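Number of protein chains: 2
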Amino acid sequence: MATYKAPVDDALFLLHEVFHLDRYGNLPGFGDATPDVVEAVLREAGKFSEEVLTPLNRLGDEEGCTRHPDGSVTTPKGFKEALKQMVEGGWIGISVPPEFGGQGLPTTLTQLVNEFLCSANLSFAMYPGLTQGAIAALLVHGSPEIKAKYLPKMVEGVWTGTMNLTESHCGTDLGLLRTKAVKQPNGSYKITGTKIFISAGEHDMSENIIHLVLARIEGAPAGIKGISLFVVPKILVKDDGSLGARNGVTCGSIEEKMGIHGNSTCVMNYDGASGWLIGEENRGLNAMFVMMNEARLGVGVQGLALSEVAYQNAATYAKERVQGRALSGAKYPNQPADPIIVHPDVRRTLLIIRAFNEAARALVMWTALRTDVSHRSGDAKERQSADDHMGLLTPVIKGVLTEQGFANAVQAQQMFGGHGYIAEHGMEQFVRDARIAMIYEGANGIQALDLVGRKLGKDGGRALMAFLNEIGDFIKEKNADASIKPFVTPLGVALGHLQQASMWFMQNAMAKPDNAGAGATDYLQMFGLVALGYMWCLIAQAALAKQTDARMKAKLITARFFMERMLPETAAQLARIKSGADAVMELPDEAF
Amino acid sequence: MATYKAPVDDALFLLHEVFHLDRYGNLPGFGDATPDVVEAVLREAGKFSEEVLTPLNRLGDEEGCTRHPDGSVTTPKGFKEALKQMVEGGWIGISVPPEFGGQGLPTTLTQLVNEFLCSANLSFAMYPGLTQGAIAALLVHGSPEIKAKYLPKMVEGVWTGTMNLTESHCGTDLGLLRTKAVKQPNGSYKITGTKIFISAGEHDMSENIIHLVLARIEGAPAGIKGISLFVVPKILVKDDGSLGARNGVTCGSIEEKMGIHGNSTCVMNYDGASGWLIGEENRGLNAMFVMMNEARLGVGVQGLALSEVAYQNAATYAKERVQGRALSGAKYPNQPADPIIVHPDVRRTLLIIRAFNEAARALVMWTALRTDVSHRSGDAKERQSADDHMGLLTPVIKGVLTEQGFANAVQAQQMFGGHGYIAEHGMEQFVRDARIAMIYEGANGIQALDLVGRKLGKDGGRALMAFLNEIGDFIKEKNADASIKPFVTPLGVALGHLQQASMWFMQNAMAKPDNAGAGATDYLQMFGLVALGYMWCLIAQAALAKQTDARMKAKLITARFFMERMLPETAAQLARIKSGADAVMELPDEAF
Numbered sequence: 137m138a139t140y141k142a143p144v145d146d147a148l149f150l151l152h153e154v155f156h157l158d159r160y161g162n163l164p165g166f167g168d169a170t171p172d173v174v175e176a177v178l179r180e181a182g183k184f185s186e187e188v189l190t191p192l193n194r195l196g197d198e199e200g201c202t203r204h205p206d207g208s209v210t211t212p213k214g215f216k217e218a219l220k221q222m223v224e225g226g227w228i229g230i231s232v233p234p235e236f237g238g239q240g241l242p243t244t245l246t247q248l249v250n251e252f253l254c255s256a257n258l259s260f261a262m263y264p265g266l267t268q269g270a271i272a273a274l275l276v277h278g279s280p281e282i283k284a285k286y287l288p289k290m291v292e293g294v295w296t297g298t299m300n301l302t303e304s305h306c307g308t309d310l311g312l313l314r315t316k317a318v319k320q321p322n323g324s325y326k327i328t329g330t331k332i333f334i335s336a337g338e339h340d341m342s343e344n345i346i347h348l349v350l351a352r353i354e355g356a357p358a359g360i361k362g363i364s365l366f367v368v369p370k371i372l373v374k375d376d377g378s379l380g381a382r383n384g385v386t387c388g389s390i391e392e393k394m395g396i397h398g399n400s401t402c403v404m405n406y407d408g409a410s411g412w413l414i415g416e417e418n419r420g421l422n423a424m425f426v427m428m429n430e431a432r433l434g435v436g437v438q439g440l441a442l443s444e445v446a447y448q449n450a451a452t453y454a455k456e457r458v459q460g461r462a463l464s465g466a467k468y469p470n471q472p473a474d475p476i477i478v479h480p481d482v483r484r485t486l487l488i489i490r491a492f493n494e495a496a497r498a499l500v501m502w503t504a505l506r507t508d509v510s511h512r513s514g515d516a517k518e519r520q521s522a523d524d525h526m527g528l529l530t531p532v533i534k535g536v537l538t539e540q541g542f543a544n545a546v547q548a549q550q551m552f553g554g555h556g557y558i559a560e561h562g563m564e565q566f567v568r569d570a571r572i573a574m575i576y577e578g579a580n581g582i583q584a585l586d587l588v589g590r591k592l593g594k595d596g597g598r599a600l601m602a603f604l605n606e607i608g609d610f611i612k613e614k615n616a617d618a619s620i621k622p623f624v625t626p627l628g629v630a631l632g633h634l635q636q637a638s639m640w641f642m643q644n645a646m647a648k649p650d651n652a653g654a655g656a657t658d659y660l661q662m663f664g665l666v667a668l669g670y671m672w673c674l675i676a677q678a679a680l681a682k683q684t685d686a687r688m689k690a691k692l693i694t695a696r697f698f699m700e701r702m703l704p705e706t707a708a709q710l711a712r713i714k715s716g717a718d719a720v721m722e723l724p725d726e727a728f
Numbered sequence: 137m138a139t140y141k142a143p144v145d146d147a148l149f150l151l152h153e154v155f156h157l158d159r160y161g162n163l164p165g166f167g168d169a170t171p172d173v174v175e176a177v178l179r180e181a182g183k184f185s186e187e188v189l190t191p192l193n194r195l196g197d198e199e200g201c202t203r204h205p206d207g208s209v210t211t212p213k214g215f216k217e218a219l220k221q222m223v224e225g226g227w228i229g230i231s232v233p234p235e236f237g238g239q240g241l242p243t244t245l246t247q248l249v250n251e252f253l254c255s256a257n258l259s260f261a262m263y264p265g266l267t268q269g270a271i272a273a274l275l276v277h278g279s280p281e282i283k284a285k286y287l288p289k290m291v292e293g294v295w296t297g298t299m300n301l302t303e304s305h306c307g308t309d310l311g312l313l314r315t316k317a318v319k320q321p322n323g324s325y326k327i328t329g330t331k332i333f334i335s336a337g338e339h340d341m342s343e344n345i346i347h348l349v350l351a352r353i354e355g356a357p358a359g360i361k362g363i364s365l366f367v368v369p370k371i372l373v374k375d376d377g378s379l380g381a382r383n384g385v386t387c388g389s390i391e392e393k394m395g396i397h398g399n400s401t402c403v404m405n406y407d408g409a410s411g412w413l414i415g416e417e418n419r420g421l422n423a424m425f426v427m428m429n430e431a432r433l434g435v436g437v438q439g440l441a442l443s444e445v446a447y448q449n450a451a452t453y454a455k456e457r458v459q460g461r462a463l464s465g466a467k468y469p470n471q472p473a474d475p476i477i478v479h480p481d482v483r484r485t486l487l488i489i490r491a492f493n494e495a496a497r498a499l500v501m502w503t504a505l506r507t508d509v510s511h512r513s514g515d516a517k518e519r520q521s522a523d524d525h526m527g528l529l530t531p532v533i534k535g536v537l538t539e540q541g542f543a544n545a546v547q548a549q550q551m552f553g554g555h556g557y558i559a560e561h562g563m564e565q566f567v568r569d570a571r572i573a574m575i576y577e578g579a580n581g582i583q584a585l586d587l588v589g590r591k592l593g594k595d596g597g598r599a600l601m602a603f604l605n606e607i608g609d610f611i612k613e614k615n616a617d618a619s620i621k622p623f624v625t626p627l628g629v630a631l632g633h634l635q636q637a638s639m640w641f642m643q644n645a646m647a648k649p650d651n652a653g654a655g656a657t658d659y660l661q662m663f664g665l666v667a668l669g670y671m672w673c674l675i676a677q678a679a680l681a682k683q684t685d686a687r688m689k690a691k692l693i694t695a696r697f698f699m700e701r702m703l704p705e706t707a708a709q710l711a712r713i714k715s716g717a718d719a720v721m722e723l724p725d726e727a728f
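Note that the protein sequences, when read in sequence, are chains V and W.
Each residue of the first sequence is one higher than the last, beginning at 137 in this note's numbering.
Each residue of the second sequence is one higher than the last, beginning at 137 in this note's numbering.
If you are wondering where the hints come from, they were derived from the structure by calculation, not from laboratory data.
Given the structure is predicted, the values throughout are model-derived calculations rather than measurements.
One should not assume that every hint holds.
Copies of the same chain are indistinguishable here, so a pair counts whether it falls within one copy or spans any two.
Straight-line distance between alpha carbons at most 30 Å, and here's what the computed DSSO-like set of lysine-lysine pairs gives [unchecked claim]: (1) K216 with K285; (2) K594 with K467; (3) K213 with K455; (4) K455 with K714; (5) K621 with K648.
The shape of chain V in the complex, shown without the other chains (with noise of 0.2 Å):
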């Protein structure tokens, strides 16, 4: 069975000694998040994550959802109870708004309790998460009115929430989606149509369930520049805000899939249901892109999650199972054979990951910091600052952490030998849930295009110029110094190539946009490889200055090893970006 321990003292660290949570005591929220407060919150999710929601993870993932015959859902045993603690205990709003219920904390702090929430059991969080998703939306683009009905009940989490955007012909291009809606007399809509891929589209854990809609008005314009949002409730909301009659949503079918058996995936047919607009008719995108962001943010922190606890899992493992002699000899004489930990390959695997873990959960922070400025802070121009930086870090979040998380959880199985492949240690279930997050939200392809094809260039490349300043100032600065400097040079670099490739798609990719797409992915991850190679750089900094507590000679330890192993990297990606387009696009269609 395996095990987790939420890493409560490096997310301490990192808020107060690499990022400094004090110098945002300005923001409104920040003020109440002392020293003192921050750290009861994190020990108290860990808390809940360690003893409650673990324990769920493979008994969630081996029963599983069942749909009944009328249509309901019922969830693995034990969710409904664990959703219920983390209502009674706050947890959803912790970061909303006091008006609606909320604790108005950062949304910073919310990030890092999702991370332990995911790393215990995925399927059970995506049910809060998906609500505080929908929170999100509702809060930028609902009316005072619809923000009144719904927003409550939601911020305390005795209803959830949903996101209903894919149909079975259309993920990535929304624009040829076919979910009807009819305006009534009453000013609500009849929405028509059937939506896949629904996660918590209908379960038993709450006593309602809200559903925000993509749909196309009659009569809108064809494409991306027809589609409106709605919210949808699957039983109406009376106007005292008592329940009433249920609506026209039904659960179709809930999908047989790879994992996340918990969490209830399903296809949802609506019937002539009764929604309300949210936001502009015809502009339901961009209600939906404004919350995307942070959507996405949170889905590249399951894949950090994910490669946590894997990686907790496999140090633990690689510690005990006792198999052949270090190549050097003996390193535990007294034991019939040594621990495979000896074994340089094995540490280079945990390595791997850990200089991973660490790193991501510091950008992750980084990122998280600057939505809290873009919301929060009174001036315009630092809220700008932070809306560029979230723009172009967003699909590098995603796309990287989900990327290697899952690698990471694969890797992290290996050191199990076959005692992986079965599902007794539980190493096969991270693996099989640490694969959707490489596919929602976007597919990582897309968020290379999304990056590529619209970030970089943005208002004059504003965003990119920032972050590029940033890290060369920082490598300026710091080069004289002679302890920072084994990290901050390779990070130079790396730092280098990016600008490499950067300019290289300046000067080829507008004549050819194909250029663009062939070096799309490999960009995303070079671009995430340099900003964990800041992140090292920023933890290296913090750890110098208390070399003798062993922790920190661990970060010192493992951010050389990222500098070695894994930064390096950088050239063969600018090598393929390099090589364009041409390789790539001269097979003909149908000779694939």
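Dock chain W against chain V, hints included.
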């Protein structure tokens, strides 16, 4: 539902135009392998794989194997009948000497046929595959009596075989194994112990199951020098060849695992079961290792097989799924959207898989032909050189083809977006099934250590030198030829990296073996890239001769893609190898 088309034409192209099968006519059995016979065998095997095995693949995954209270195991519907068809066609023994009922055809042909079987249905293919492995061991090490008693029925396929190595506390380190053998007055042994992860250990597809079991004879030395190999039939075989009483071996349970659900993976309990010694006492590991090369080559083929079938389905989907428009404007303006094959990133992904598959098939063939030379040549020098090649390339093929085969299955699944995550299209099954090949027959980390720790330095580096010289000579010879130069030049660069890495090990790993261990996996992968690059040059050479053929033109485009986008990774691998063991070994064990 996934589909499959056996790549018979590609196999024939490689056999005749790249590897010139006719040049091997002097080897026994190759005279019978006329072009007509070879084509008939491959087309028949292809048809059987496509029509009989492919439809059973998903059904087998869903139904799995069931163990009954009496220890018997039922395999998925249709498996038994499919094996019967294989038996009727004489497929199991196509490369076995005619004296034991086989057809004596080249082993190369068996490997090609196995690729088709594994693409269509890996779970099924393991039953005859393990039987072939057991046959190989008995052929080399069995006494004439044992061969006469067991081989004909196994070659026919009415009895199947297994390998029993692993115990719960030991897999890699077989020196720790505890299964006991006690000699009986009649020369047989009583075998007692528990073996785990025994593929095809118990099932309902054959009349008898012939287990090959590693055990320690009472009083034998500790460690690997006290292990012997035994044949232990499920049902005792009388002297007249008829079946007698049930032997003391039963299936205690079957494992719940990530994939290959149609194969029954058993815990086998030996309770004083009668067994007969194979080879010499205490030399059981040597007996196993002789057949290990071929078994590992076979697992490498599994990696290729899953990559091939995953590619085929992803390519078909990419040509059918319409979503969005090409970056450079609509390519299929008559459709509501373009098929996703127009996107550079989709093509890049597919080309990575394709460029791997076609070269990997060549690499398998090149090495399988050496297997045939090693077993059948009358020239001792030729045999030695073929043995050298096999020993050197086996860990490379096992490690690289399974690692990349799995990664390719994951990327092929990615092409389907959310549809790849649900069971319906069969893509997630390919991923789950492909995952095992990285683990069994020696986890890939062990393959890397085998290559670096045992194979490189063996016989003064003779095998490595021969490999480097063959490629080096080829490059020198072709360098003046402008048409092939674009392929040969990058191979020269990669070969240089491999030479530098080999040299670095020689200079740095003698005194400090951890330097070899820390670089082993990168070296294995680099070795694989160079070998695949050489295969692409040989393929390009054959393709350049017929450039008017669309298939040959596609080969040249794919070769170019490989050279530009895949081979340059050797530079990053070299950098990692040269970074040595320091950062890997520095962290104390307990800090992980």
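Within, between, both or neither: how does the pair K213, K455 come out at a Cα-Cα threshold of 30 Å? Neither. Shortest intra-copy (33 Å) and inter-copy (43 Å) distances fail the 30 Å Cα cut-off.
Measure nothing new, just compare the shortest in-copy and cross-copy C-alpha distances for K216 and K285 to 30 Å and report within, between, both or neither. Classified as within; 24 Å inside a copy, 61 Å across copies.
Classify it for me, K455 with K714: is the Cα-Cα distance of at most 30 Å met within a copy, between copies, both or neither?
between (43 Å within a copy, 27 Å between copies)
| message | At most 30 Å between CA atoms: does that hold for K621 and K648 within a copy, between copies, both, or neither? | response | between (39 Å within a copy, 27 Å between copies)
How would you classify K594 and K467 at a CA-CA limit of 30 Å: within, between, both, or neither?
between (56 Å within a copy, 26 Å between copies)
Hint check: a violation occurs at hint 3 only; the rest are consistent with the structure.
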